[in-house]
Structure formats: C-alpha cells, structure tokens
Amino acid sequence: MENLNVTVNGKFYSVQVDPSIRLVDFIRDNLFLTGTKVGCGKGECGACTVIMNGVSVNSCLIPVMRAEGADIETIEGLSDGGRLHPIQEEFIEKGAIQCGFCTPGMIMSAKALLDQNINPTVDEVREALGGNICRCTGYVKIEEAVLCAAERMRNEGK
Amino acid sequence: MKYVIARTAGEALGALTLENGKALIMAGGSDIMVELIEEKRSEDILIDVTQAKDMKGIRVENEHLVIGAAATMTEIHTNPIVKEYFPSLAKGTGSVGSLQIRNSATLAGNVVSAQPAADGAMALAPLNAQFVVLTTQGTKIVPFSEMYAGIGKSSLDPHREVIKEIRIPLSEPDEKASFIRLELRKSLSLPMLSVSAMLKYKEGRVEWSRICMAPVGVGPVRALKAEEYLWGKELTPTVMAKAGELAAENAAFRSNPLRGSKEYRRHSLPVLVRRALEDIADQLGVL
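First to last, the sequence lines map onto chains A and W.
Going by the working numbering, the letters in the first sequence line up with residues 1 to 158, in that order.
Going by the working numbering, the letters in the second sequence line up with residues 1 to 287, in that order.
Hints in this document: simulated from the structure, not taken from any laboratory.
Mixed in with the good hints, there may be bad ones.
Stated by the list, open to error - Each computed PhoX-like pair below joins lysine-lysine, with the alpha-carbon atoms no more than 25 Å apart:
#1 K200(W) <-> K242(W)
#2 K153(W) <-> K202(W)
#3 K42(A) <-> K153(W)
#4 K42(A) <-> K242(W)
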C-alpha cells in the first residue's frame, strides 16, 4: 500500500491505496463515486472519462498513483447544492440520454471542453466527444445538448 | 506492485538501474495499461516519467525542435512551434486515438510501442528525428530509422533505457512535409493506410525526399523506389502519380478484417502517396 494525496470534486483525500489499481477503481470502489462507469476498460469507449488537472482522461487507463497531487473532477462534482449543471440540464432537456451508461463520460468530456472554450464549433464538440461512444441514441442530440449548454453558460456568464 | 514517480530523467534511469531489468519505464501508459489489464504483460515495478521536469515541454534549441519524451500528444498537436515548422506532425499527433488518449499518451511511447500504423510515429517518420536515450553506459543518440526491431517491438529496452527527448532538425522554407490517413472514422480507429512524406524542393527540382507508408511492414516503411525516382525531378502530376505506383514496390500488404483487404490496400496506396506529394507541392506553391 502507498499513500496517495488527491483532491476529488474539491475534497482533499490522503489515503492508503494499492498502487496496482486504476484511477477508476479508486473512484468507484474506495470513494464510492459510482457515477464514473467502466465500459470497455481499455480506453475505447470513454464511459470512464473524468477531468484530471483540467483535461479529460480515461480513468481506466490511469494508474491510481499518477493522481498523486492531482485535482480530479467526476460527474458527482458537477451539481451545485442540488442544482444540476447546465450541461446536465441540457442533456435531459434535449433527450440526449437513453440508457445513461455513457452519459457521465459524455458530460465530463463536454465539461472539459466548455471549461476551456465556451463558444465551440460543431467540429470542436465532435473532437472533444470523439472518444465517447454511445450505443443508444446516436450523437445528434448529444451535440445539440452541448451546444445549447454552451450558449446558456455564455448567457449566464459562467 | 511498486510505483515510482521519477522527478527527472536521471532519477528514472537511476531507478531502472537499481532494479536491474525488473522495472519498466512508463510515460502516458495508454498501451501499457491495456496490456496489464488484459494480462498480456506483467510488471512488478513501474517508473512513471510524466512528472520528470526535464522530459516535459517543447522548445527550439540549436536549430532543432526538441520534444520532451513526456510531452503529451495534445501538447504537441496544439503547440504553436510544431504547427509552424511541422504542421504534418501536429496533424498526426492530433489523429491518435481520442482526445482522452491524446491527453496522456506521448509521441515517444507511440514509437516505442512500435505498432506500424501509429499516427504520431508515422507523422514523425520522414522528419529525420533523433532520440536522445539515457543508458547506464551514457547518453546515446538513436535515429528514427533504428527505433524498430519488429512489429510491436522496439529496438530500445524500456527496462534499461530512458528516452529523454526527441530532436528534429528545423525545416527550411523549401522543405515541406505531409501526413495523410485513409480512415474509417476519425476517432478511436487505426487507419486503413497512412502515408507521410517530406521533401526538399530546390530550383524546381526534388533535391531529396523521404516517403513512409504503413501498415505495410515493420514500423513506418520507406518507399525507397519512389524516393530514388523523384530525385532531381519536377513535381508534375505525372511524376507524382508515377512515384505513387513505385511506392507500392516497397510495401508488403496484408489483409485486415476491419481495415481492408490486401488488394484494397494495394490499390489505394499509390493514390495516398500521390496525395501526400500533391499536398507538399501545394505547400510549396508549385501546383
């Protein structure tokens, strides 16, 4: 076991972990933040996407010790005192969800994009979400939801 | 498992030496982690170099573009110096996997993983790059052409050697490069075929060229017949088409159930080589 110091959704943890586990295992099994999903387990579906030090990563491919000193955001960190984030609200509003398994990863990829670029083009949205696979809805509504969330966030000055 | 976070390249080499072949260097880990998860590989000790300060960053030094071995694909893809001197490398590093993969994967790792059609490695292939490698015997310089020992096998030993950085001679205004891929989809898929090329065009003639193709052998394969043919020639549509045909003579085509039959690849390769040359001619303003 090794000591890990990491901030997840604004909360600092200093804990003992098995260094052979993945970041996603730590998030789900140690912190019980099960919003982050494991789909393919090899970086090809994006269901495990979290934001690490400001960029989107596949948490199934990140060894847990790489998170030492890092700032991690997961889907659970998005809502503000029970109020959903605009990206979450737009996913619901636009019907960009069916089974929901890919949704946390999609939203985290979208959040990483909008944190850097509040006025993305369709191509920029596609590049940012290209690593997230949905097997239910297709991608049109997801794209719409991200673009509408961006517009709302611009208007709300977020 | 033991996990060591190296703060410098020297510290990484020290840790490797201490463990005497039992520890593995890992940068982004996007290939190594999959192999560990699928139990295709087992490692007792991982040396993480992503925090090694002297292996990060991208800079110009002594007429070379220097890319730290821990620089991510995203950092290379979005770097203004890379975009200015080697737009084809910016394109290739921006084609790897998905954004999440590019945010952790490295160009050095892409070469060491030694998959033939790796987009980053292919874009780098014609640029005459050299790898600065730390070993217990001292620092050695390995040219790109000597980095591959087989499919999926690097000539370097990541249990004993550390790539510190990649050095690329800065291009002159009359030297241009291209990278193109024939793809089923843009994200999360290897190309059916990819071609990269660089050439120097002086006084209306090709002074030299380097054309690389994949996946048609071990690592990026040079189209030597086409390169020889192009020497001293003007870049006309006929010449570029002929070079495309000749390129196929250096390629060994294999069928892949997902990414095209060998017949399809044989038919398509000359077209891609021609398009890469046309892209270069366009950049040179000779078309």
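Hint check results:
About 18 Å separates the Cα atoms of K200(W) and K242(W), which keeps this hinted pair within 25 Å; it holds. Pair hint K153(W) plus K202(W) does not hold up; C-alpha atoms about 38 Å apart against a cutoff of 25 Å. Distance hint between K42(A) and K153(W) is fulfilled; the C-alpha atoms sit about 20 Å from each other, no more than 25 Å. A distance of roughly 42 Å separates the Cα atoms of K42(A) and K242(W); the hinted pair therefore is violated under the 25 Å criterion.
In this structure, the earlier hints numbered 2, 4 are contradicted, and the remaining ones agree with it.
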